[in-house]
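Participant: What follows is the residue order along each chain.
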Amino acid sequence: MTDLDIERLVAFCRSLREHGLSVTPGEVVTAAAAAALQIIDTKDRAEVFLSLRNILTTSVDDFPVFENLFAAYWDQRPARIVEHQKQPTAPARATGGLAFFLEHWPAEIRSKAQPVNVPGASDTEARAEKDFAAFSDEELEEISRIARRMARRLAKSRSRRWRPVARGRRVNLRRSLRLSLKTGGELIELSYRERRPKRTKLFVICDVSGSMDIYSRLLLQFIYGLQNSFAKVESFVFATSLARITGELKGKTYQRALDRLSVNVRGWSGGTRIGASIASFNQQWLRRIDRRTVVIVLSDGWDTGEPEQLAAALSQLQQRAGRVIWLNPLLGGTGYQPLTRGMQAALPYINVFAPVHDLNSFRALEPHLEL
Amino acid sequence: MREEVRQIQRTLEEQTYIADAAIATALYLSMTLGKPLLIEGPAGVGKTEIAKALSSALGTKLIRLQCYEGLDATTALYEWNYPKQLLHLKLEESSPTPEAEKEATIFSEAFLLKRPLLQAITEHENSPVLLIDEIDRSDEEFEAFLLEVLSDFQVTIPEIGTIKATHRPHVVLTSNRSRDLSDALRRRCLYHWIDYPSLEKELEIVRAKVPGIGDMLSQRLTQIMQATRTMSLSKIPGVAETLDWANALVALKATELNEEIIAETIGCFLKDENDIASFKGTRINAD
Numbered sequence: 001m002t003d004l005d006i007e008r009l010v011a012f013c014r015s016l017r018e019h020g021l022s023v024t025p026g027e028v029v030t031a032a033a034a035a036a037l038q039i040i041d042t043k044d045r046a047e048v049f050l051s052l053r054n055i056l057t058t059s060v061d062d063f064p065v066f067e068n069l070f071a072a073y074w075d076q077r078p079a080r081i082v083e084h085q086k087q088p089t090a091p092a093r094a095t096g097g098l099a100f101f102l103e104h105w106p107a108e109i110r111s112k113a114q115p116v117n118v119p120g121a122s123d124t125e126a127r128a129e130k131d132f133a134a135f136s137d138e139e140l141e142e143i144s145r146i147a148r149r150m151a152r153r154l155a156k157s158r159s160r161r162w163r164p165v166a167r168g169r170r171v172n173l174r175r176s177l178r179l180s181l182k183t184g185g186e187l188i189e190l191s192y193r194e195r196r197p198k199r200t201k202l203f204v205i206c207d208v209s210g211s212m213d214i215y216s217r218l219l220l221q222f223i224y225g226l227q228n229s230f231a232k233v234e235s236f237v238f239a240t241s242l243a244r245i246t247g248e249l250k251g252k253t254y255q256r257a258l259d260r261l262s263v264n265v266r267g268w269s270g271g272t273r274i275g276a277s278i279a280s281f282n283q284q285w286l287r288r289i290d291r292r293t294v295v296i297v298l299s300d301g302w303d304t305g306e307p308e309q310l311a312a313a314l315s316q317l318q319q320r321a322g323r324v325i326w327l328n329p330l331l332g333g334t335g336y337q338p339l340t341r342g343m344q345a346a347l348p349y350i351n352v353f354a355p356v357h358d359l360n361s362f363r364a365l366e367p368h369l370e371l
Numbered sequence: 001m002r003e004e005v006r007q008i009q010r011t012l013e014e015q016t017y018i019a020d021a022a023i024a025t026a027l028y029l030s031m032t033l034g035k036p037l038l039i040e041g042p043a044g045v046g047k048t049e050i051a052k053a054l055s056s057a058l059g060t061k062l063i064r065l066q067c068y069e070g071l072d073a074t075t076a077l078y079e080w081n082y083p084k085q086l087l088h089l090k091l092e093e094s095s096p097t098p099e100a101e102k103e104a105t106i107f108s109e110a111f112l113l114k115r116p117l118l119q120a121i122t123e124h125e126n127s128p129v130l131l132i133d134e135i136d137r138s139d140e141e142f143e144a145f146l147l148e149v150l151s152d153f154q155v156t157i158p159e160i161g162t163i164k165a166t167h168r169p170h171v172v173l174t175s176n177r178s179r180d181l182s183d184a185l186r187r188r189c190l191y192h193w194i195d196y197p198s199l200e201k202e203l204e205i206v207r208a209k210v211p212g213i214g215d216m217l218s219q220r221l222t223q224i225m226q227a228t229r230t231m232s233l234s235k236i237p238g239v240a241e242t243l244d245w246a247n248a249l250v251a252l253k254a255t256e257l258n259e260e261i262i263a264e265t266i267g268c269f270l271k272d273e274n275d276i277a278s279f280k281g282t283r284i285n286a287d
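Residue numbers (this note's numbering), protein chains in the order written: chain A, 1 to 371; chain B, 1 to 287.
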């Protein structure tokens, strides 16, 4: 293309679209009109390049694809384009039994708190710092209490926007004045306004693979506590595939919720595919994620999948979410370094990386949940 | 490069804004096509400066709307002047004016407080430059509202009616990419990305903006800034910081950069304790 005619331009736009850029008809028309009206000198390579980039891209992330394709079109060189990354399809759900940890969860076992040697377990005496693995029923109850308190705080926090109310402490002058016109400009009835409640949503995605077994029940307890005192929580679990458990967790008692979980959720097994699970979460749920959403991932970062996939999925998630929090039970241990490939890939796309291995670490979470 | 673009470049340079072909082309297109220009880039690379330079180059008013979370129509568009309305009603209390007329009076333009967006639309002499700064800081509601205003530059005030812009403002939006803007807003705008400047460009900027600085000093300072940006810092200094530092050095009458003077003025371009520590730990080789 040493000259820009409309046909070539349309073909160029189509090829941009094929390579993942979202070029709308409106943008094509703008570009075509600019060329036709001689706003762009269609013989000047640099000018056409800069102008079309202004018009047809909407983010700096589009630039590499645009530059390559433009070179291909203008200089008629074969394009050096890496195939646009396709959304990874969710892996087929593994069949074959319930999760190991669910099977090992009858009430008798739960009451006999057995200390297990865990990587990262701290051996200090203090109760609050005692590791998850050795938690008793009362302590489980305390986790629920912490979760409920957090949920209440979240529900009460206020946004910076106002809404009119019948009774309040701040006068809504605009409405009051309107009302006063009924009485000939005499302010008799006052209208009030208050801060609107913040509409923070919470998405919790919990790893229940083999390596997380000893933590899973406590984390689920935590999620259960949140779920039942805060309306805007969605919960998910994953090992090799993702399952939504919001419905299962709603209920009067934790035990009953667990029973329902073991009946309804299948395909939990030893392996972990964090990247694929988050990618399939994105596919279904990304449109519900916005700036008022806090996404919590609970996982130790042992991933058998490709770290690139995890990085891509998390970065997509982080772009949309208000905050991405990764809670890693291993982080509480002294000397633990997040060196697993999965964890390394994930770190750049996490806003808060925190341990979650004892009661104090749960309490420390609170400030991070408020946006 | 076409003459118009070169003209823009020259005019901006007169305002001591060093514009490359890319930004000049973007501004040219934005003005000719009448589309808002969305400028993204890291903090402190002169996104806001573009709008300022543009308005003084065009000799028009700069109307600035600084975005923040919770920004709403009453602070961005218009608000009624309640104290004035109340006062007026009190004064007119005993007058025989019929009620409907009283109402019409207090909801007329004289009682209207024009906020930036309305100001930009009702500017009668010529097209002002409307700078919507850090749009990524506002929330989704405001973005949707802004789309409405930007699509046809008219505003409907229930009590007065529809006000349409006589002179379409030149709109510049800036964003630090702290969150994703909606696709709808991106589509409505032309897009431009500003990165940290190259050594040559930054040197040019320093010499244009801080005339008192010597050749040697500006060269050395710019080299250090360029090297600093390659370090892994929590807050990478922008051009604004370079200029702050250059101004500080000129004020201190420094003629060369040595460890002592850098230590004294390091706060000009590094604003984080850890960054300062890691800067001091690294020997910057700028030769």
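Treat the hints as calculated values from the structure; they're not laboratory data. Some clues are possibly wrong.
What the hints assert, rightly or not - Derived EDC-like pairs: lysine to aspartate or glutamate, alpha-carbon spacing no greater than 20 Å straight-line:
#1 Lys198(A) - Glu148(B)
#2 Lys198(A) - Asp75(A)
#3 Lys43(A) - Glu3(B)
#4 Lys198(A) - Asp139(B)
#5 Lys90(B) - Glu101(B)
#6 Lys232(A) - Glu241(B)
#7 Lys280(B) - Glu241(B)
#8 Lys182(A) - Asp139(B)
Please read these numbers as outputs of a predicted model, since none were measured by experiment.
Participant: Give a verdict on every hint.
Facilitator: Hints, one by one, checked against the model:
Proposed proximity of lysine 198(A) and glutamate 148(B) is contradicted: the alpha carbons are some 24 Å apart, above 20 Å. Simply put, lysine 198(A) and aspartate 75(A) have alpha-carbon atoms about 53 Å apart, too far for the 20 Å limit, and the pair is violated. A C-alpha spacing of about 15 Å is found between lysine 43(A) and glutamate 3(B), which places the hinted pair at or below 20 Å, so the restraint holds. With a C-alpha separation of about 12 Å, the suggested pair lysine 198(A) and aspartate 139(B) falls inside the 20 Å cut-off, and the hint holds.
For the proposed pair lysine 90(B) and glutamate 101(B), the alpha carbon gap of about 15 Å is at most 20 Å, so the pair holds. For a cut-off of 20 Å, the pair hint linking lysine 232(A) to glutamate 241(B) is broken: about 43 Å separates their Cα positions. The straight-line distance between the Cα atoms of lysine 280(B) and glutamate 241(B) is roughly 18 Å, inside the 20 Å bound, and the hint therefore holds. Our distance criterion of 20 Å between C-alpha atoms is broken by lysine 182(A) and aspartate 139(B), whose separation comes to about 36 Å.
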